[in-house]
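Construct the entire structure; sequences and hints are all you get.
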Amino acid sequence: MFQAIVIEASDGAQRVGLQSVAESQLPEGDVSVRVEYSTLNYKDALAITGKGPVVRQFPMVPGIDLAGIVEASSCDEFTPGDRVLLNGWGVGEAHWGGLAEKACLQSRWLIPLPAAFSARQAMAIGTAGYTAMLAVMALERNGVLPSQGDVLVTGANGGVGSYAIALLSRLGYRVIAATGRPQEVDYLRGLGAQEIIDRSELSEPGRPLTKERWAGAIDSVGSHTLANVLAATRYGGTVAACGLAQGMDLPASVAPFILRGVTLAGIDSVMRPRADRLEAWRRLEELLDPVHLDAITRTIGLGEAIATAEELLAGRVRGRVVVKMA
12 MFQAIVIEAS DGAQRVGLQS VAESQLPEGD VSVRVEYSTL NYKDALAITG KGPVVRQFPM
72 VPGIDLAGIV EASSCDEFTP GDRVLLNGWG VGEAHWGGLA EKACLQSRWL IPLPAAFSAR
132 QAMAIGTAGY TAMLAVMALE RNGVLPSQGD VLVTGANGGV GSYAIALLSR LGYRVIAATG
192 RPQEVDYLRG LGAQEIIDRS ELSEPGRPLT KERWAGAIDS VGSHTLANVL AATRYGGTVA
252 ACGLAQGMDL PASVAPFILR GVTLAGIDSV MRPRADRLEA WRRLEELLDP VHLDAITRTI
312 GLGEAIATAE ELLAGRVRGR VVVKMA
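Start counting the sequence shown at 12; every next residue gets the next number (my numbering).
Source of the hints: derived by calculation from the structure; they are not laboratory data. For every residue, glycine included, the Cβ atom is placed at its ideal position computed from N, Cα and C.
FRET-style restraints, in silico, Cβ to Cβ: (1) A325 - I122: 29 to 37 Å; (2) G154 - D197: 31 to 39 Å; (3) E290 - Y246: 26 to 34 Å; (4) D279 - D197: 31 to 39 Å; (5) E290 - R185: 20 to 28 Å; (6) E82 - A286: 25 to 33 Å; (7) E82 - P284: 24 to 32 Å; (8) G63 - C86: 30 to 38 Å.
Here you go:
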């Protein structure tokens, strides 16, 4: 038996709780992992609370991230004792995920735990840091250099935003952070933000084009915020879109694209090819300051995950939440 957060549904209603689960109930996979740490992401919070259509079958163990130790393997790539890491691949949505003491997974979903990070540190980074790194790489590929101007980060106090600021600052970019929490200015400046703006400047309906303000942006908010970010992007700039905290809609016009040559780069972290994952984690090893991991992260027990999910959706969580299994 092992402990897990389990989401169940019947008669159109969802229930969630911490349960003891038999190992025989685990789904099929060629690698069994003893989970050491997981995380609580925005998507996990939607799944746990039922406030978003994340879970595709029931019962479900949420948790799109995990880090742990291989206990059994029928594949050639991993052997018992190997430390491994998982981000995405539909885990926690269609396959039991990381908010449990045990997981049975497909080997192709796993990568070796980077040598520079402990399991806790890898989960402090998690999908949020990995997604932020993919977004930074997209800006780089599209030629957004530090010398070209500022880079905006929306949702700055969240996990993706926090890591995006830290990574961009480390690479020499001047970062503007958009936040709705003015009390967190010191936190954002500590990560490397050099200018702070109120998210209200971007969150309401705006004009198709406005004054050019930034050479690039990383947006985890979507909706009117993303539309306004695009409208203020400089000629030839790139906006990396990786989230939908405000909404899935994009009430924008084609003006930024056809009049300023702006690029909108979509960032998918769930089904990303293995080569991209390995490169992103290599860059994270190279760039992240362990001091920032502590500043960005707090650790909770598995039994606290349900209540913390509500806090996260209410906007009361700063940075990253790591979930310790035992």
